[in-house]
Amino acid sequence: MRYSGFRVMKEGFFGQKGWKPAWRDPDPKPEYDAVIIGGGGHGLATAYYLAKEHGLTNVAVLEKGYIGGGNVGRNTTIVRANYFLPGNSEFYSHSLKLWEGMEQDLNYNVMHSQRGLINLFHSDGQRDAFARRGNAMINQGDDAILLDTDGVRKILPYLDFENGRFPIYGGLYHPRGGTARHDAVAWGYARGADQRGVDIIQNCEVTGIDIEGGVVKGVQTTRGAIKARKVGIVVAGRSGQVAQMAGMRLPIESHVLQAFVTEGLKPVIDHVVSFGMGHFYISQSDKGGLVFGGDLDFYSSYAARGNLPMKEHVMDAAMTLMPMIGKARVLRSWGGIMDMTPDGSPIIDKTGTEGLFLDCGWCYGGFKAVPGSGFSFAHLMATGRHHEPAAGFRLDRFRDGVGLMDEEGTGSQHNLH
Amino acid sequence: MRITCPNCGERDRREFYYQGDALALTRPAPDAGPHAWDDYLHNRDNPAGDTRDLWFHEAGCGAWIVVSRNTVTHAIDDTHLAATVKR
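Residue numbers (numbering that gives the first Met the number 0), protein chains in the order written: chain A, 0 to 416; chain B, 0 to 86.
With a Cα cut of at most 20 Å, we get these calculated SDA-like pairs of lysine to any residue:
id, chain 1, residue 1, chain 2, residue 2
1, A, K63, A, D182
2, A, K310, B, V71
3, A, K310, B, R10
4, A, K226, A, N202
5, A, K326, A, S284
6, A, K310, B, Y16
7, A, K310, B, D11
8, A, K63, B, V71
Stretch-level coverage of chain A by chain B, calculated; a stretch enters the list once three of its residues show a Cβ under 8 Å from a Cβ in chain B:
id, segment
9, 247-254
10, 291-303
What the hints contain is simulated information worked out from the structure, not anything from laboratory work. Note that the Cβ used here is the ideal one computed from N, Cα and C, for glycine as well.
All chains should be modelled from the sequences, with the hints used to inform the complete structure.
Here it is, written out as structure tokens:
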């Protein structure tokens, strides 16, 4: 069923009785050409591009919970391509281009809104760093505009520009950055993959990975054994546990990242804004809630909820940057589990087992990467060759130190990102 | 989350700096080879459940502390001075 404005009107006349489920609910078949473990954004996008780009349609996505119930429905929905280092830069550039065609491609409204993203800076040194980043973005073919204080004042008049401790010197403006409705992205890819023949199997937890003689043969699940010639692990947040089923230890430590949302307000924040001193970023959802977050709690956790010190830090930063936010009331906060790698960049690679592939380590930046990661991982699974924009996301870069992508410049060590 | 420092008693989590898994107590030998060192520096068991990690009482007595805790519940079972812990 195609979605359209006409269809919405027609259903309005007939009591909304013509809508069908957006994807089937099949039982697992005994065998597939490829099995994707994990029905999050990345897994669903992988299945979609396997079918669309590579004609591989005998594919199952195995999800232990329900579609949209994991990190893809728990993030702060920001979409951007403002990375600095080669390896990351071309990947996120490609991903943003896929975002820009996604709604037409999927025939699904993901509410992608390129409202512009502004990273603020508060010192001369920071201005230099952002100017350099902006130049890297322009060299990559993306958009970046360096704003001075007056330039920022024109579009974000509500900030505390004269703050005694952190005066605003300007901002790096990325007009194509913005937000999207996160769970709609999962639903859109699920529907698109399903329409091309992919089986999306929910409530199906993988309990083992069958390997014989160094070759993957299939998986054991709570809904029976499933044979597969190729298996992709795409389970950010739980990568360590699933990789362990294949006898692997990963360069990943799981951390909790908190996010917050206020009661719905009238439109007040038109962009995505990030504070340059102290970790804080904010946007306003179409429903009106201010959606904001900060840094990791900085200790390994699977609790999906954080502690109070980081909450206090985020609220402090919010009040410092935009005192008007003190009038808003926080509705809820929550935590998501992040696959943190030593250098803060992801992994899309083969493993030591033939036919077993790994897509993980998205740290706190997985949402914007959904289409790019799915596209590149599908390319790797289907062809056995790395997709050029994601060729830097090697698993062995930590061992030899070649090609580390440390965007923050803090070092390749677990507790630094 | 509050952590009991063996020297100072129960303190706010903010007094402590998190280093990571307590495997730092068992460094490989200097000549153990690149694979052993890669494994030590980067790869982690990363358990969902009971774990042991190293915290530094930065804003307190300056001791390194081995904390046994649960990564799913955030419950802390016990703490020992790293100096007294043998693996």
